[in-house]
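Visitor: Given the structure of chain A, go ahead and fit chains B, C and D onto it with the hints provided.
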Amino acid sequence: MRYIRPLSMEDAVGQLAGSPGTAAILAGGSDLLVRMKGGFIEPDLIVDIKAIDGLVEIRETAEGFSIGAAVSCALMGESAALMREWPGVVEAAKLIGSKQVQGRCTIVGNLCNASPAADSVPALVAAGARALIVGPAGRRTVVVEAVPTGPGKTSLAKGEIIEAILLDRRAPRSGDAYLRFIPRTEMDIAVVSAGVNLTLDEQGVVKSARVALGAVAPTVLLVEEAAEALIGRKLDEAALERLAKVCSGACRPIDDKRGTIEFRRKVAGVLARRAATTAYARAGGK
Amino acid sequence: MAGVAVLTTINGDNVEYLCQPDETLLDVLRDRLGLTGAKEGCGTGDCGACSIILDDRLVCSCLVLGAEAEGRRVETIEGMAHGDRLHPLQQKFLEHAALQCGVCTPGFLIAAKDLLAKNPDPTEEEIRFGLAGNLCRCTGYDKIVRAVQDAASVMKGA
Amino acid sequence: MVEVTLWGSLGAIAGGKSKVEIEAKDIRELFRKLAEQYPGFEPYIDRGIAVAIDGTIYRDTWSKELPQGAEIFLLPRLAGG
Amino acid sequence: MNFDPRYSGRNFTSVGTRPIRPDGVDKVTGRARYGADFNMAGQLVGRVLRSPHAHATIRKIDTSKAEKLNGVKAVITAADLPDLTDGDAAMYDILDNCMARKKALYDGHAVAAVAAVDARTARQALKLIEVDYEVLPHVTDVDEAMKHTAPLLNDAIFTEGLEEKPVRPSNVTKRTQFGHGDVHEGFGQADYVVERSFKTEQTHQGYIEPHACVASVSADGTADLWVCTQGHFVYRQHCAQLLGMEASKLRVTSSEIGGGFGGKTHVWAEPVALALSRKAGRPVKLVMTRDEVFRASGPTSATSIDVRIGARKDGTITAAEATLRYSCGPYAGMWAEIGAMTAFACYRLENVRTVGYEVLVSRPKTAAYRAPSAPMAAFAVESAVDELAKEIGMDPVEFRIKNAAQEGTRSSYGPVYGPIGIGPTLEAAKNHPHMKAPLGKNQGRGMACGFWFNFGGQTCTDLNIGMDGSVSLAVGTVDVGGSRASLSLVAAEELGIAYEQVKAVVADTSSLGYNDMTDGSRGTFSSSMATISAARNAIKILRERAAQMWDIPLDDVVWEKGHAIAKGEKYGNLAALSLREIAAASGKTGGPIAGHSELVADGAGVSFATHVCDIEVDPETGATRVLRYTVVQDAGKAVHPTYVEGQYQGGAAQGIGWALNEEYIYGKDGRLQNPGFLDYRIPVCSDLPMIDTQILEIPNPNHPYGVRGVGETSIVPPLAAIANAVSNAAGVRMTHIPMSPPRILAAIEAERGG
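Residue numbers (UniProt numbering), protein chains in the order written: chain A, 1 to 286; chain B, 1 to 158; chain C, 1 to 81; chain D, 1 to 754.
So that you can see chain A by itself, here it is in the shape it has in the complex:
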């Protein structure tokens, strides 16, 4: 086993691509070290990307935000600009684990760990976030929902690293929100979760919407029918009812140690409805 700390993306990509055995990228380490501890993975090479220039920064650009792959969720919570524009995304990031874990964990790690219950992913999917990927073949950008392909699996090729998550600058009258259900008040993995992102017109009618659900299918679900239930309407009781019903119906959950199929179905609708209400209020809707 080797531990390296490259100073550039090129070096990191080269080392990863050239590594003969299994290689692991270390950013926050809150998933990697747990898997190593449990004996589920014994990498031959650990590539610590935190020394790479710019990877621990949140940059504001003309287009929006670029959140470096090694930015801790705690740091995201300290960015007033990000919090103002994308409160739902920040909320989701700040729900991962404890304060201690948030001091280390990253949304890129959360995405690449590819758990269907990852907290930040439904919020990122609802937000229409994109991942900037660097690899041996150069750079490419994909929507975040294209990264996880199943529990623990991603579409990243050998040698590819996500450099940053990109979030758009917000249109006026936009708001997002994320809610998850856990049995305790903290420290649990989401049993079911919902992210909602809305933009309203001047009359408070929903112009565009994205609704994503977590922990109810092998990957996070972007529920287009749920968005359709909201678009063109104010957030009245009928729209919310329809949203809840569509979300419950869209779930393909399993029974496991964290919850039952029935529970996840029912609560997915409840959370979508509550998150939509918050997002609507944040967008200035009344």
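Be a bit skeptical, because a hint or two may be false.
[What the hints assert, rightly or not] Partner residues are not named here, just some residues of chain D that face chain A (Cβ under 8 Å, in silico):
1) E620
2) V684
3) D687
4) P741
Hints were generated in silico from the structure; no laboratory data involved. Note that CB positions come from ideal geometry on N, CA and C, so glycine has one too.
Guide: This is chains B, C and D only, laid out in the frame that chain A set:
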């Protein structure tokens, strides 16, 4: 497996050590440096007993590799008191009997110190959520919360 | 002569009796005579029997005297946390 | 022993104050040494290989590859721990649990162990051990295990306690029965009868410190063991017996203990560490991972309980009965028996009958957990009591007060009660402001009572007075939550000196006589009794020395407020001699001054509590929030009230976790699904409110200061108190613990008919 040489700062002192690439900072502190104040309650970031402060960030040392400490600042429970003068949090934990078995106590003290550094006047709810990453099985948290409240008021007055 | 009350399971071994009369001055003698009269008690005595005398539970005190007229109650020995 | 333990009703100076504990500074500075904080030169790392199967015959274990790995110093299997238990069935079970012999009996059962130069080598060595298993059918559910069709876990078990000796083996090891009167007749007199079945899932003590020890066996057959334990003398007996050693050649030092709650009352990996050290000829440190703690130590029983209670219109209970089925893991236990004894202990009943069944399942060996077995029984009984009160139309507190046991009541487990506190805790709860506080929407209030026996047992202390007059108190009961502070207070009280002048330490097994472990809420009860006795013995010597210094008869010297006083007018000119002054002269008056005591502390007073709580339920998700919680409990006498409160609060918090979210979840494959703090959900700080406490002091007549044990009773009422509150908030009776959100939501939906 090649060892990694690390030069770091622990509680203000320069420290050098050699560790394995897969060794956690918790293991380094406890087994190589004899700093056994941080405890391993789970090894997976779920209990907070191994809490330390790394470059002003509260982290679980079981989720940090020893190799990652290169060039950084590590603060542990062993550095909390100044000589024979206890930190107000330590003093208040004693006065309120905010510990029974005491194995979670170093982690709680470090987490509470970080909490008060960022929020000197927390509400009860802020304390409870701020310390949610530290498990205590003995006290029911009541006296811990009271000790932190009391320490906060003392530290504000100081 | 003291009257000794048995808990349910021990009563079954004593032929369904819930009380037995024993001529015993202390706990040691009580156990010895119980084992003589009811050989089925022996494994229970080996495992540990507690004796409640007027409501106070004694676990290991052979020398404890059994006052005349006192309520003597046998109980299984317990585990605690 | 010439010691009078009777309550004397004195006024206290030190007892009842709240000083800082003697081990406090070490614990807030990280200096205190727990099980894993100790190291020996040349120590090896021990690790255990565990069965992935819930039930399997071990056909063969091949350790040859592991032994050849560079850095491996010893590999052991059951062959290295031969059976020396000589027909002692309980010890054989402990041995088999430490290292599986013929069969692996649960997921996590130890099958082999290694000692190597470092953790990485030890881990690799485990992978090289080849175990040939024949997987057998398993059963993890307590009700399933009782069926005739269930896989048999041990074909040598024939149910004990049946009227007719069974002809077929069974997973039920024992049937027990308690009670008095005629329940059939009693139910005939009832106007109302409530009958319900309840289930509780298995929980773990959840101590934050995993089991850890360092074992060092020397070539001359002597050995040292450093270990976190609730009872180092008991560990010494167990280890010595299992390893064929003489007890006095094994010195056991108890480290600071990071929680036990019953889970550290018998050995798990310590005999394995000693066997590894013996084979390797070097010290071995063995620390369990959290995963191992959950899979292979601790847990309490899972239960299935039927309750039936009948009452007249006026609220008098006429009959009560319960059938209790408790899981024991794969070894016989007495868990249902204790449940059967405690179930109705709070009440004055003319007709009562309880029946307990001990059931073997493919789960880890059940261990004691804080008032073991009582919380589950109380959950079932107190839920039914609440429901019955509702049917009759009585206030639940009034209904309980009307039926509460009192001095002279025949307890449901047999003996007649002395002075007890159930009535006063109920009255205090009734008058508590909490009872009158308003409730909001979706909120409910619940209350429940709880009982625990409390133990005494074998106890030994040494009290040594230094020449500077400071007092060293050596006790043999492990300090699990502040007892060194309470015992120092007791020594100071009895000697009449300042608390600061006393330092209590926990002595190792070679420095003090045998002590039973710290369990059954006995630590402060028993060791304070022994401390008082030791102090009285020391006082006698102090008086003798004073008499010598004054050259007057001993009978003329009395001990008051830390001083020897010459009694009588003829001594009017003699100034009182302080303990310090007598100690300073001790070298000339006969040498060191000490008081020793050894006794069996009998007469632990039984303990009762009443808890009240408010819960809010989210009817759309089944989520719960604990809004307010109040504990009222009888302490007999609170020696250090802050630590008494701490015990009340801690027990309540554990009970709240059990009630709401904690449970062992097994897959169909018999493997534990949640062996970690992530999915075994103990309460976090933000889950709980402040926990209000009210200490009542109804003196225990069998202790000089009136002390009762306080540690365990507080975990008994919460399951029921919360279940009653949730049931009131959600409008549906909850019968399955834990009341996790999916269970609550399913119950609400079922009630709605949807």
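Visitor: Does each hint fit the structure? Answer for all of them.
Guide: Evaluation of the provided hints:
no. : hint : result
1   : E620 : holds, 5 Å
2   : V684 : holds, 5 Å
3   : D687 : holds, 5 Å
4   : P741 : holds, 6 Å
Going down the numbered hints, you'll see the structure goes against none, and every one checks out.
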